[in-house]
Amino acid sequence: MADTPETLILTLDGGDVTITLRPDLAPEHVKRIAELADEGFYDGVVFHRVIPGFMAQGGDPTGTGMHGSDKPNLRQEFSKEPHVRGVCSMARTNDPNSANSQFFICFDDARFLDGQYTVWGVVTDGMELIDALPKGEPPREPGKIVKARTA
Numbered sequence: 011m012a013d014t015p016e017t018l019i020l021t022l023d024g025g026d027v028t029i030t031l032r033p034d035l036a037p038e039h040v041k042r043i044a045e046l047a048d049e050g051f052y053d054g055v056v057f058h059r060v061i062p063g064f065m066a067q068g069g070d071p072t073g074t075g076m077h078g079s080d081k082p083n084l085r086q087e088f089s090k091e092p093h094v095r096g097v098c099s100m101a102r103t104n105d106p107n108s109a110n111s112q113f114f115i116c117f118d119d120a121r122f123l124d125g126q127y128t129v130w131g132v133v134t135d136g137m138e139l140i141d142a143l144p145k146g147e148p149p150r151e152p153g154k155i156v157k158a159r160t161a
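If you read the sequence shown in the numbering used here, its first letter stands for residue 11, the second for the next number, and so on.
No lab work stands behind these hints, which were simulated from the structure alone.
The calculated lysine to any residue pairs, modelled on SDA-like cross-linking and capped at a C-alpha distance of 20 Å, are:
id: 1; residue 1: K41; residue 2: L84
id: 2; residue 1: K145; residue 2: G96
id: 3; residue 1: K41; residue 2: P106
id: 4; residue 1: K154; residue 2: G54
id: 5; residue 1: K154; residue 2: G75
id: 6; residue 1: K157; residue 2: E138
id: 7; residue 1: K157; residue 2: L22
id: 8; residue 1: K90; residue 2: L123
id: 9; residue 1: K154; residue 2: E45
id: 10; residue 1: K81; residue 2: R159
id: 11; residue 1: K41; residue 2: P71
id: 12; residue 1: K41; residue 2: E91
id: 13; residue 1: K41; residue 2: I19
id: 14; residue 1: K154; residue 2: D26
id: 15; residue 1: K41; residue 2: T14
id: 16; residue 1: K154; residue 2: P62
id: 17; residue 1: K157; residue 2: I19
id: 18; residue 1: K41; residue 2: T30
id: 19; residue 1: K157; residue 2: A142
id: 20; residue 1: K145; residue 2: A120
id: 21; residue 1: K145; residue 2: F64
id: 22; residue 1: K154; residue 2: S79
id: 23; residue 1: K157; residue 2: D48
id: 24; residue 1: K154; residue 2: T28
id: 25; residue 1: K41; residue 2: T17
id: 26; residue 1: K154; residue 2: I61
id: 27; residue 1: K81; residue 2: P106
id: 28; residue 1: K41; residue 2: K157
id: 29; residue 1: K145; residue 2: I61
id: 30; residue 1: K154; residue 2: E49
id: 31; residue 1: K154; residue 2: T72
id: 32; residue 1: K145; residue 2: G75
id: 33; residue 1: K145; residue 2: P62
id: 34; residue 1: K154; residue 2: G78
id: 35; residue 1: K157; residue 2: G25
id: 36; residue 1: K41; residue 2: S89
id: 37; residue 1: K157; residue 2: D141
Restraint ranges, calculated between C-beta atoms of paired labels, are given here:
id: 38; residue 1: D53; residue 2: P144; range: 14 to 20 Å
id: 39; residue 1: A142; residue 2: H77; range: 23 to 29 Å
id: 40; residue 1: T72; residue 2: D23; range: 19 to 25 Å
Note that CB positions come from ideal geometry on N, CA and C, so glycine has one too.
Whenever a hint applies, use it, and build me the whole structure from the sequences.
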């Protein structure tokens, strides 16, 4: 992938969610998300943790929240970008350098996460589809990414 894509499109059962990528904030994380999307890694992956008023998390191929890709973990790229509605950020363990493939999308302001998680994008269209995801940890019938692609 020579050029960094500008958008990530997540096709859900109800339609497309468009995410504007932010390589200016997190170039390595954007590169990873785009690479995984282009490889088909996210296709069929569920949102395994959906907490009303907080966020929807996905990106684990097992759907358990315990795994990631076989690629090495990424070093943090924290910024001052606020965690507000529609912001896409990388999930991680307690180790700040453990982001891999899991990510979350904020339903509402989550400013307590600022400077502790790597922001890599923002939903610019289709946030209503994220809002409509089945809730739970995990949801009984989780919503899934049918297809992820970059543009």
